[in-house]
Amino acid sequence: MSSAAALSWFARHEIRLAWREWLAMIAGSRGKRKRAIIALIVFVAIMHLPAYAVIGRFADLQAPLGKPELIVITATIFLAWALMLSQAIESVTRVFYARADLDLIMSSPANLANVFSVRIAAIALSVTGMALLLSTPFVDVLVIGGGIRWLSTFGVVVAIGLTAAAVAIAITVALFRLIGPSRTRLVAQIVAAIIGAGFVIALQVAAILSYGTLSRFAVLTSDAAAAYAPALDSPLWWPARAAIGDGMVLSWLMAGGLVLLGAVMAVFSPRFADTVVSVAATARSVRRGARATAFRGGSRQQALRAKEFLLLRRDPWLLSQSLMQLLYLVPPALMLWRSFSESSTAIVLITPVIVMAAGQLAGGLAWLTISGEDAADLVATAPLQPSRVTRAKVEVVLIAIGAIFAPLIAALAFASVTQAIVTALGVIVATVSAAAIQFWFRVQAKRSQFRRRQTSSRPATFAEAFCSIGWAATAALALTIPIAAVISGAMTAAILAATWKISPRRG
Amino acid sequence: MQSDVSALEVRGLTKRFDRPAVDALDLTVRAGEFYALLGPNGAGKTTTLRMVAGLLRPDAGSVSILGIDALADPVAAKQIMAWVSDEPMIYDKLTPLEYLEFVAGLWGIDPAVSGPSAQQLLVSLGLEPHLHERCEGFSKGMRQKVALAGALVHDPRLIILDEPLTGLDALSARHVKGLLQDRVRAGCTVIMTTHILEVAERMADRIGVIAAGRLVAEGTLTELRQQNGRNDTSLEDMFIALVNTEAAAA
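Top to bottom, those sequences are chains A and B.
Under our numbering, the residues of the first sequence are numbered 1 to 507, in order.
Under our numbering, the residues of the second sequence are numbered 1 to 250, in order.
The shape of chain B in the complex, shown without the other chains (with noise of 0.2 Å):
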């Protein structure tokens, strides 16, 4: 279910630290697609996306969420989006449904619709035989599942994630995957980046590739094939190619 509408436009997003993080880059991902962002390590993918969720403030640029100008009104553009980092930020001491009841409380969600969503966003994630145990004892895995359930049970038009998929198992990532492409299918939004690139090609609508902080390519498997010049080269060759010719350019 794609629209013409943008769901995430930046235009000129600048961040330095010490280097150029993120350079001027222009980014549109439409309503309803499934985005995933690839690049090497330290290209300036999380720093976009922290940009973006509100987490950072760019040196210069715009960025606009379903058409709110997120740097305007980030209360507003926060009301509709989600973020998830590769490392879950969870408190220990609450359990997996009071988190959740937590995160609802912090977007203003009604009870009576946050609760029974609540449960089963968990029990879809595996959680129900820990929906009463306090997060303190859960492997990495188990806390990704409640830091996403949290991202999701807000019902957010716009999901950010960082590397969802890092320590995962098998089962875990395909009940996430499962998830992400069901919000896809209802309208959502998800942005996501990963290293993992048979996730990207198996699940993205279209691919971008970020390196040095600049968008380097962009577009579906196909269209990227296309400028690789190759139809029957895989996304691991072509992103190699793309980060080496990037690397040799610099």
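The shape of chain A in the complex, shown without the other chains (with noise of 0.2 Å):
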């Protein structure tokens, strides 16, 4: 086999793995895979709908475009781009640590800098391809609303792709290098997992703090941003002029793209080899653990919350996946705050909030105690009745939510009594209805396997959403339309009910 061939048929080989990873991802098992697809189909089509309302009023937009606009669109190009790093990021470290070929590879007589290179494209094109089938919603809407130019959005979504990856990949191996193999993982999964959220937190808050409201269009469009911003003829809005239908920016940003991903897999490519040679080398770094007396007296039951919580406290990465949620508490706290001082109504919006991040930070806690559990044979051998141990292990959400959520509820309870109370109705109502379907849909599981407990079960990842919704919407309707608070409360209930019922641990 020539060089070439060899090249291409590990492009393809890269590719398939790709191909089923993303199945995988969305459908859990094989035999799911084509229900999946045409779930996901459904998806983008259904996505349209949201994809109007957020963006159709841009459809009509024409060249020359003012700040204000430039601002706009540009923002919401760089939130893409932060978003396809944080996946590129993802992707790029699961191929340094996760892949179980790369013995296989590195004890091949292949030319590892091309392996690699190839490696690297493969995840530009996995991040560029996930992209460009999310965006199809937003620029269908476009194009029919505003003309056949917004194709060129398209080019953009590549172009930021190519960049995406490019980046991920210096960053990651600049960690690498900066703190070395065992902390890259750990830095890079949460780096990933921050710089999406934190760039449309980061507008949230600066818009509470400057005008008092959680629209983050408030901040872009502004005569400060305006004022800020560079001049129109400034490269910085070479996205946003290419986005509109301009082809001569669009040609010199996709050959940007292209020439930084084929700098870095130039430099890189060949590095890598070395790179995961470090990584076997450290894969057996030694930490030691504080003498821990966790475990010494008290009962069986207090022995399983002390495993709960030392484990969670000593995996940082699988803490920051399942707080994650929280970073979008930071708006509304702030949101809080404010209103300490200027009475505003708009303090009725942090209920629903907290209400869902409470809901989905239970969901996540109640799989790792319910499912993840790396000892399984051990708990289930033990002498405890197996109700012991569940009860156990959803005390450990309960007092983990508790202890999270009571300090805001305190706060909010200077604000309004009443607004606490339903509140922390609504925390404990959230809270209890996560946990009860993750019971009821419980697998085996290892912790490591977090990442993917959406994909293990439909049912149980969707009526989890649908009830933290339906009982933040109830939340908030009991402030301000308590009749229809009660709808949506037996339609949450009723939701509930129904996912008892589909259960495979119904009875």
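Keep in mind the hints are simulated off the structure, nothing from the lab.
Cβ coordinates follow ideal geometry from the N, Cα and C atoms, glycine included.
You may find that some hints are simply not true.
[What the hints assert, rightly or not] The following label-pair restraints were derived from C-beta to C-beta distances:
| no. | chain 1 | residue 1 | chain 2 | residue 2 | range |
| --- | --- | --- | --- | --- | --- |
| 1 | A | 407 | B | 14 | 50 to 58 Å |
| 2 | B | 110 | A | 21 | 45 to 53 Å |
| 3 | B | 182 | A | 501 | 50 to 58 Å |
| 4 | B | 137 | A | 481 | 52 to 60 Å |
| 5 | B | 28 | A | 41 | 36 to 44 Å |
| 6 | A | 501 | B | 26 | 35 to 43 Å |
[As the list claims (entries may be wrong)] Beyond 10 Å from chain A on every Cβ pair, some chain B residues (computed):
| no. | residue |
| --- | --- |
| 7 | 12 |
| 8 | 16 |
| 9 | 93 |
| 10 | 182 |
| 11 | 212 |
Using the hints, put the two standalone chains together into the complex.
Right, here's the structure in full:
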């Protein structure tokens, strides 16, 4: 086999692997893939509605654009880029650490620089492919409303996808050199997790601090933003100009993306092998634990609870994944702080945000404690009733949620006791619902599979999301239109009952 | 140290998946004996032991552990039993000592008793230099030793081990075998599956051979040889002959 043929063969292999990993992520198991693809198509079709609601009004935009429009489009593209960067960093760390084929590749007589170049290209392709898929409803809305010129947005997506992959590889390798291989995975994954959310939250925080609103557009379209923005001919606006149909700028952007990716491939591919060898050499890093006495004395349930808390505390990546939802609490917390001085009615908005965050966080924690048991046989053979084991694990979820949300609710009580009571009830109901759903749909899994928990059971994932949203809406309505809260609460309870009805653990 | 009391009594134990995995199995293991359960891959050894350990619910049959009905009172049965699987399941983020303290906590053992015992167990298994290291960097052999120490820390009266020597080096395997023999000498009962027939031949008081979910031969090595009609044959030859006979009959 010639060198070119071997590379092409390896590229096909990489694409097939990426496709199967992606399908596994979406569908969970092989048998459900056809249904998952159909569901994905339906999902993309449905996404046209929210896409229209969000960006339908921008379809008529024509060049030349003013600064406010350029800022909004550029910020939106930057957000998409940040999310793609986050996904790309995650992919790179997976290639370094999680692929089981590295030993095989490293021991083969293949040219490793070429092989890793293909692998970098595959990362760029998968990141860009996913972004193209998710951007399709938005571009469709713009094309239907504003004409075929908006198709150039796909080109912008490709250009920023290539750039995001290139930057992700550079960041990961730089982290590797700065902090060493053993910490890179953790830091890279945390960076990947917060990078996308960080931008949205930063905008919301700016909006709250400046204008007392949760709307991000308030900052972007403000005079202050326009005053600080660079001149209209700045390259900063190129992505926005390319998106509205400037073909020349689009060509430059795509060429820039390709050159950047090519440069990264040329610089880093030959060093990938060294990096992988270093990772393997330090895989057995020794972490010493403080002499814990967490399990000494107390009941058997206390031992279980102590174990859960200790494992959570010692796994910063898992903790960061679970607590990601809490980042979204920063804007409402700021809103609360502002409302003390300005008695804004917008404070009501905090209740659904808190309730929803509690539901989501409880779902993640409940999965970790109930399903994510690394020593399932040990716990199953321990002399405890299964109900007591479950109770101890659910208690961990309740204690954690209580510790996180109690201070916020206590602060809320200073502004409105009624609202604090409603919020507390909402948090409790959302937490119990999420824990119950995880209990009904529990499957034995490793904690390290946390990232894939949402693909293990589609009904559980959707039920958890719908219940969180439902209880959040119910709590908000209880404060504004109580009769509507009764209806909303009944509907959410019905969803929960239906979930129980279809759950494998019923009875 | 053997007695007539049964450590394990299994009657009509049955489990079906897509086909019968365990087929109306009768099995008796006396207290204080070292019992080796042999069989080809897929014979039903692990399924049988998982049902005994309470990890799988049988479709039919009964399981009695030292006189306790394990299906009616699983908590009481589990209190005096330990299970070690071939795939050591421990917590990466705990140190071996912490893992053993957790196990002792689950079994309700007084920390004053379990603490020194845990330390002693880990030292005897050659894990002294790693007592305070998290298990995440351990090799499979080291993990297996931690899991085994976890099974012994609550001083069980019946230890069930599924391929416990997999992945262990020669020295570690000798440590483990020595530890198990010490336990048997102290009156504990050990039931172990293994594919290493030499281990069964050298360590077991009695050997059971299971095929297609049924016990096809059982006895001491001498009794098995007598059943086979040749006194000079090795356990390996007998095992292959038995399994081939069963396969032909099926």
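> Which numbered hints are broken by the structure, listed smallest first?
Replying inline: 5, 9
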